[in-house]
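Engineer: Chain residues, written in single-letter form:
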Amino acid sequence: MNAPKILVEDLSIRFGEAEILHEVSLAVGRGEFLTVIGPNGAGKSTLLRCLDGILVPSHGRVLIDDRPIAGFARRELARTVSYVPQPDAGPLDYSVRSFVEMGRFPHISAWAALTEDDAKAVDGAMDLTEVAELADRSMSSLSGGERQRASIAAALAQGGSVLLLDEPTSFLDYRHQVQILDLLDRLHDESGMTIVAVTHDLNSTVASSNSVLALKDGRVAATGKPAELLDTDALAAIYDAEFRLIEGGHRGLPLVLPARNGS
Amino acid sequence: MKTPLRLAVLGGLAALTLAIVPLVGRQALPFSVLLDFGGSDPAAIIFWQIRVPRALAAFVGGAGLALGGAVFQAIFRNPLATPYTLGVASGASLGVALASRFGLSIVVVGLSTTSAAAFAGALVAVGVVWVLTRLRPELSSTTLLLAGVAMNFFFSSVILFAQYTASLGDSYRIIRWLMGGLGGVDMSTVFHMTPVVALGAVVIIWHARSLDLLATGSEIAASRGVAVAPTRTVLFLATSVMVGGVVAACGPVGFVGMMAPHICRLLVGSSHRALLPASVLFGGAFLVLCDTAARLVLFPAELPVGVITAFLGAPFFLWLLVRQVGSASSRL
Chain E
0 MNAPKILVED
10 LSIRFGEAEI
20 LHEVSLAVGR
30 GEFLTVIGPN
40 GAGKSTLLRC
50 LDGILVPSHG
60 RVLIDDRPIA
70 GFARRELART
80 VSYVPQPDAG
90 PLDYSVRSFV
100 EMGRFPHISA
110 WAALTEDDAK
120 AVDGAMDLTE
130 VAELADRSMS
140 SLSGGERQRA
150 SIAAALAQGG
160 SVLLLDEPTS
170 FLDYRHQVQI
180 LDLLDRLHDE
190 SGMTIVAVTH
200 DLNSTVASSN
210 SVLALKDGRV
220 AATGKPAELL
230 DTDALAAIYD
240 AEFRLIEGGH
250 RGLPLVLPAR
260 NGS
Chain X
0 MKTPLRLAVL
10 GGLAALTLAI
20 VPLVGRQALP
30 FSVLLDFGGS
40 DPAAIIFWQI
50 RVPRALAAFV
60 GGAGLALGGA
70 VFQAIFRNPL
80 ATPYTLGVAS
90 GASLGVALAS
100 RFGLSIVVVG
110 LSTTSAAAFA
120 GALVAVGVVW
130 VLTRLRPELS
140 STTLLLAGVA
150 MNFFFSSVIL
160 FAQYTASLGD
170 SYRIIRWLMG
180 GLGGVDMSTV
190 FHMTPVVALG
200 AVVIIWHARS
210 LDLLATGSEI
220 AASRGVAVAP
230 TRTVLFLATS
240 VMVGGVVAAC
250 GPVGFVGMMA
260 PHICRLLVGS
270 SHRALLPASV
280 LFGGAFLVLC
290 DTAARLVLFP
300 AELPVGVITA
310 FLGAPFFLWL
320 LVRQVGSASS
330 RL
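Heads up: the sequence lines are chains E and X, in that order.
Numbered by numbering that gives the first Met the number 0, the letters in the first sequence go through residues 0 to 262 in order.
Numbered by numbering that gives the first Met the number 0, the letters in the second sequence go through residues 0 to 331 in order.
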């Protein structure tokens, strides 16, 4: 069996007195699409930041291609792993094209101009995410969905084989949600990209993934295939809430609805 | 107009400013002074020993302050950040206030007491930032910004104390220095300040692409491959030492450092590979022009240049902002 693309061993992280993640272990295979679910404050985004080396765990380690990421130089890691954080509504005074071009940072030296390969990677990423027509617009002038697509384009322009996304379909209208999910499908089906996405979207994002990791209070609460976790008992244990399942979801999976007032 | 062309025009205008300004003054100078370098003719002395060093010092100082402002606005992601945000100017002012109050006489490598005290004070402020970043490398930019604000208040209170307990003459000297001015500069000031500013500028401009990413936020910057904490520390130190050198020579001249990067963003965009050179050219030329106005307006007396920078710069800045807002609203 091939070594997993991402391996997390006994990862714990503390901020002051608070332990955000406690002995989390997981393995993500090459080309696998893993979704991370769980209630607010479960440590999902923290886990994602640890996978990209933005946060350094207090205990345990993360390995990419069998190599601990602590041994990667920052630029070297950026050539393998790219990260799309939660959408930030702050001002961003760059054109979409300039922003996507910044994705090539780990490939170019301080003052070198972009090469033909860099331009190709940028154009390809902008085409895939359908932001080419927004190239000259300021990032600050974009809608939430457009900005999210430009952020994914910049991460793809990095040219890595691992893509980490924090709530990739938040703030997107239905057409663009579908577009991003189709894009993620293509990236792992056709390009063999390994994807880890944190999400609250059980019906679309989780249903599109190959496997699911559920976190609760900083610990792994459950792992399995989407079909195993999209289950009323499993979800109730993860979220401390009741759910109803109805037929007709993506890939033959049930649709999940939170139950209100026992309905 | 394309950005490289805009930069070239800005460079041409800056060179023209530097070339013409030393010829301008109440004492009209013939063009022949240009060829009389080292001459003993009064016109040649005024030109080569007074006006040229002063114009060069103003250019180097303005360039350093504008670069410093551009760096801090990017790192702190705050349009109100200035090169003085981390307390360099108030540290320098404290040095000068204490030297005046206690009648210290320090001469280090040809620097006057005031310049040496100012640079020492600036270095103390830089040292505090360095210690903070060493002790807690994970400190966010916002926390450092607040630390800078706290340091500014602390230094200001000690300056006020020194001033309050000083004699009237010393107190006036402190206030006059706080307004900034290039009245006393000569060629040795230029020789002292230029290497410090040039070194800072090289370090900063080398990090232009990293600054683009830091301006988008530290998480994105880290994910794209910027080693955020060490890069930030290098930029803080390079900028602060550079600005300390400028303040030691020119006093804490205000407004240039905050305004110049904003005007340059409107001219050449936000990419730091264009913004930083533009800030050097614009900030330098702007301070040269302001200093020319400072020495002419109340001739034979001189206005502190800090008065002029804000007086000329603020209305121009407001006009640019209003013009920009006008064009943006038409697209709504």
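What the hints contain is simulated information worked out from the structure, not anything from laboratory work.
Treat the hints with caution; some may be incorrect.
What the hints assert, rightly or not - Sample of chain X residues lacking proximity to chain E, with all beta carbon distances greater than 12 Å (derived):
{"hint": "1", "residue": "Leu-12"}
{"hint": "2", "residue": "Val-23"}
{"hint": "3", "residue": "Ala-27"}
{"hint": "4", "residue": "Leu-28"}
{"hint": "5", "residue": "Ile-49"}
{"hint": "6", "residue": "Leu-97"}
{"hint": "7", "residue": "Gln-162"}
{"hint": "8", "residue": "Thr-164"}
{"hint": "9", "residue": "Ser-217"}
{"hint": "10", "residue": "Ser-269"}
{"hint": "11", "residue": "Val-306"}
Claimed, not checked - According to the in silico footprint, chain X covers these stretches of chain E (three or more CB under 8 Å from chain X):
{"hint": "12", "stretch": "2-15"}
{"hint": "13", "stretch": "101-111"}
Just so we're clear, the structure is a prediction, and the values are computed from it rather than from any experiment.
Beta carbons are placed, not taken as given, at the ideal position from N, Cα and C, and that holds for glycine.
Engineer: Indicate, hint by hint, whether the structure satisfies it.
Structural biologist: A quick look at each hint next to the structure:
no.	hint	result
1	Leu-12	holds (24 Å)
2	Val-23	holds (36 Å)
3	Ala-27	holds (44 Å)
4	Leu-28	holds (40 Å)
5	Ile-49	holds (38 Å)
6	Leu-97	holds (38 Å)
7	Gln-162	holds (39 Å)
8	Thr-164	holds (43 Å)
9	Ser-217	violated (8 Å)
10	Ser-269	violated (4 Å)
11	Val-306	holds (31 Å)
12	2-15	violated (count 0)
13	101-111	holds (count 7)
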